[in-house]
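Number of protein chains: 2
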Amino acid sequence: MKTGIPETDKPRIVIVGCGFGGLQLAKALPNKDVQIVMIDKHNYHTFQPLLYQVSTAGLEADSIAYPIRKIFKGQKNFIFRWCEVKKINSDKNEIETSVGNLNYDYLVIATGTTTNFFGIEGLAEKAMPMKTVTEALNLRSLVLQNFEKALLTSDIREQEALMTFAIVGGGPTGVELAGALCELKNHVLPADYPELDLRKMRVILVESGKEVLQNMLPENQVKSLSYLKELGTEVWLDVRVTKYDGRVVYTAGGKEISTYNLIWTAGVKGQVISGLPEESAIRGRYVCNEINQVHSFENIFAIGDVALQQHEEKYPKGHPQVAPVAMQQGQLLAKNILRLIQQKPLMPFSYFDKGSMATIGRNKAVVQVNNMKFGGFLGWLVWMGLHLLMLVGFRNKIVVLINWIWNYINYDRNIRLIIRPYEQKQNNSAPIKAKELSITQS
Amino acid sequence: MKTGIPETDKPRIVIVGCGFGGLQLAKALPNKDVQIVMIDKHNYHTFQPLLYQVSTAGLEADSIAYPIRKIFKGQKNFIFRWCEVKKINSDKNEIETSVGNLNYDYLVIATGTTTNFFGIEGLAEKAMPMKTVTEALNLRSLVLQNFEKALLTSDIREQEALMTFAIVGGGPTGVELAGALCELKNHVLPADYPELDLRKMRVILVESGKEVLQNMLPENQVKSLSYLKELGTEVWLDVRVTKYDGRVVYTAGGKEISTYNLIWTAGVKGQVISGLPEESAIRGRYVCNEINQVHSFENIFAIGDVALQQHEEKYPKGHPQVAPVAMQQGQLLAKNILRLIQQKPLMPFSYFDKGSMATIGRNKAVVQVNNMKFGGFLGWLVWMGLHLLMLVGFRNKIVVLINWIWNYINYDRNIRLIIRPYEQKQNNSAPIKAKELSITQS
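Residue numbers (my numbering), protein chains in the order written: chain A, 1 to 442; chain B, 1 to 442.
FYI, nobody ran anything at the bench for these hints, they're computed from the structure.
Identical chains blur together in the list; that is why a pair holds if it fits in one copy or across any two.
Think about it this way: if two alpha-carbon atoms lie no more than 30 Å apart in a straight line, the pair counts; the simulated DSS-like pairs of lysine-lysine are:
id	residue 1	residue 2
1	K243	K200
2	K131	K149
3	K131	K70
4	K27	K149
5	K87	K76
6	K70	K397
7	K86	K149
8	K149	K10
9	K210	K314
10	K354	K397
11	K27	K86
12	K255	K149
13	K229	K149
14	K229	K70
15	K373	K210
16	K200	K70
17	K354	K317
18	K73	K149
19	K149	K76
20	K2	K200
21	K149	K92
22	K87	K149
23	K131	K255
24	K149	K32
No experiment lies behind these values; they were computed from the predicted model shown.
Take the sequences, apply the hints, and build the full model.
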């Protein structure tokens with residue numbers, strides 16, 4: 001099979017993955033005398049920070065997904081192929097993809113991460129991850145399906161298990177999802193299901209550490225805890241999940257949760273591509289120097305969540321796996337590859353941490369910029385404004401804004417649609433999963 | 001299994017299907033002393049007239065689908081169950097559903113139609129229908145996937161087959177879809193696929209009759225033909241498809257079309273539920289009297305596309321299978337069921353034809369109201385205005401309007417997303433189809 005990519009005399013930069021890092025890199029190279037080949041297994045860029053709103057019926061998929069071809073419309077040195085990478089043959093400067101082999105002069109691995117279940121029993125088969133648009137849509141279907149099912153049983157325990165939501169992982173995703181589920185409980189579902197006693201709906205956030213939002217300042221951790229509790233989330237700290245059988249979540253301390261809804265946001269692992277020597281990656285992240293060159297290679301780079309740089313004193317274990325790191329690395333790498341071509345000296349990466357934030361339901365968020373911190377309504381406005389700014393595409397910004405205004409005024413979540421019913425076997429079983437992730441794990 | 005529907009002393013009206021007919025019927029009965037049980041295999045109402053825009057990346061699913069529970073929020077005599085009807089046991093006044101059996105005092109069959117392939121070889125397996133949101137999303141994926149595939153081949157015939165779209169059926173759906181595909185060809189895809197020669201893209205509309213839009217006035221038929229040709233659609237009239245093997249469409253006259261994209265909008269059949277005597281339905285439509293009572297039953301009714309009423313002189317073969325008939329029948333039946341309960345005389349149905357219309361690309365439409373007819377830009381504005389009016393939900397109206405304005409100004413279709421890649425075997429093969437349509441055909 002042929003990729004159909006025209007041969008060229010110009011240096012070819014192959015970028016694997018159009019997440020925040022790959023996107024910034026390619027956008028920083030318009031009109032440059034290179035051929036950019038972008039490869040992604042989706043034909044769209046996903047704005048992952050808002051996936052949880054797709055799951056909770058607040059936004060439709062098109063609001064947070066943006067066609068890659070549209071982003072690069074008119075960028076003449078840009079070629080996109082919708083495919084999956086199978087292997088890197090670094091000796092031949094070649095990658096194998098699902099649509100044929102391709103040579104590169106420079107290869108940039110920007111594949112990001114996928115959910116890490118840490119091999120815990122039952123999770124890969126029965127827990128719901130939330131890292132892709134499809135997974136978010138599956139979760140939305142499951143939530144609604146289980147409410148429909150709750151109407152059909154007179155067994156109270158069964159009904160409670162259908163209406164209980166266990167979210168594992170107290171990072172921003174888990175916290176924001178817990179908040180959004182509580183909003184559904186408080187404002188939307190009672191009108192949809194007058195036959196059900198919505199007080200029975202439980203949202204439990206399980207975190208193995210001693211606090212939520214571990215990367216935040218202690219004051220913000222405390223504040224978000226109180227926001228969560230106000231909304232009705234039960235927060236279980238210092239609790240480690242050991243097993244899930246599809247109905248009961250077992251934990252190390254012996255506490256159990258009866259639930260058909262286990263959402264796993266407690267870990268990620270880098271999507272490492274096979275073919276490079278084993279020592280190139282540690283725990284699913286490519287070992288990179290300060291230029292983002294992968295260990296022992298001159299023309300292979302890794303950026304974003306899948307890269308591990310340890311040259312900065314402040315980040316001895318590598319940078320946090322967040323969008324700003326990926327974006328800054330992508331922007332710098334664009335310059336460095338051009339410098340490499342021109343044989344100019346390269347510039348080391350240095351992360352400029354602009355701060356972090358999380359929103360917890362209506363009118364509430366925690367935000368910190370350096371040592372400045374604020375929350376409440378102001379934090380919530382800042383959270384919304386920055387997310388709108390970061391969203392790709394003007395139409396998407398408008399559609400998201402209108403949905404937010406609508407939802408805010410009406411205490412509503414409009415998109416309570418079960419378009420494709422979620423069936424556990426189809427979407428979560430081993431064979432399909434292996435197919436979806438043909439970017440193999442190291 | 002139990003439906004969980006509370007027993008009641010009030011008359012129970014069971015409505016199967018929340019299309020245009022079922023929706024109007026249930027909406028016309030608020031605060032009445034009855035128990036309404038609505039059953040649908042989707043948890044949303046679908047605005048079918050705009051499905052073709054979902055297929056062609058102009059709208060996202062949430063714009064034209066509206067949660068049923070939300071429509072009836074606060075209507076206290078209304079109960080919804082997301083399930084499929086298996087059988088009617090008229091002797092027991094009972095239906096069997098996928099969530100258990102249910103008794104009725106009055107049963108209203110408003111199941112609408114599904115695609116009719118007329119048993120033509122290869123169609124059920126290989127052609128794309130477009131009657132549901134899922135089918136429209138599948139079609140969107142297929143269109144985009146085949147353009148991605150066209151990039152990969154150097155075989156010109158193969159490439160042309162990937163870029164050729166055959167639409168069978170010259171009714172409003174086929175005509176509007178052809179127009180929308182031509183718009184994609186003329187304005188959107190060239191920028192997305194600079195590597196492809198978009199002049200090779202063909203849109204062929206195949207109609208077995210001698211004109212398109214057979215229910216319209218001859219002048220409008222001629223006008224729409226010229227609109228279609230202006231846009232670049234090849235219109236094949238008086239051509240009957242005899243076979244499709246997934247790559248070649250065969251026709252009665254011997255002409256063939258090489259295409260991987262065959263979209264079938266050439267026929268529908270009523271979704272008849274099993275259990276009633278055979279003579280209740282003719283060619284997939286329930287034989288009804290002027291009160292919409294199904295032949296020989298007092299308390300079983302059919303409305304909309306699945307009903308066949310022949311009492312009106314103007315419609316000896318039954319009413320046209322369009323939304324306004326269903327809506328008017330639903331509204332009248334609400335009154336008639338109440339009259340039946342109160343033992344008052346019933347009112348016969350009489351169809352008030354408000355006219356019909358179809359849009360063909362940017363700025364163009366044909367509209368007729370009685371014998372008045374107009375087209376062009378005015379027709380197009382009227383088409384848009386009326387569709388916005390008919391859409392359920394204020395937020396949906398806004399989101400659709402914004403997308404239309406955006407697309408109009410920018411000559412764009414934003415939603416070019418392959419969220420769930422279409423795989424023929426998964427979606428179109430016999431076993432899955434059987435499951436999706438457990439409302440069985442007579």
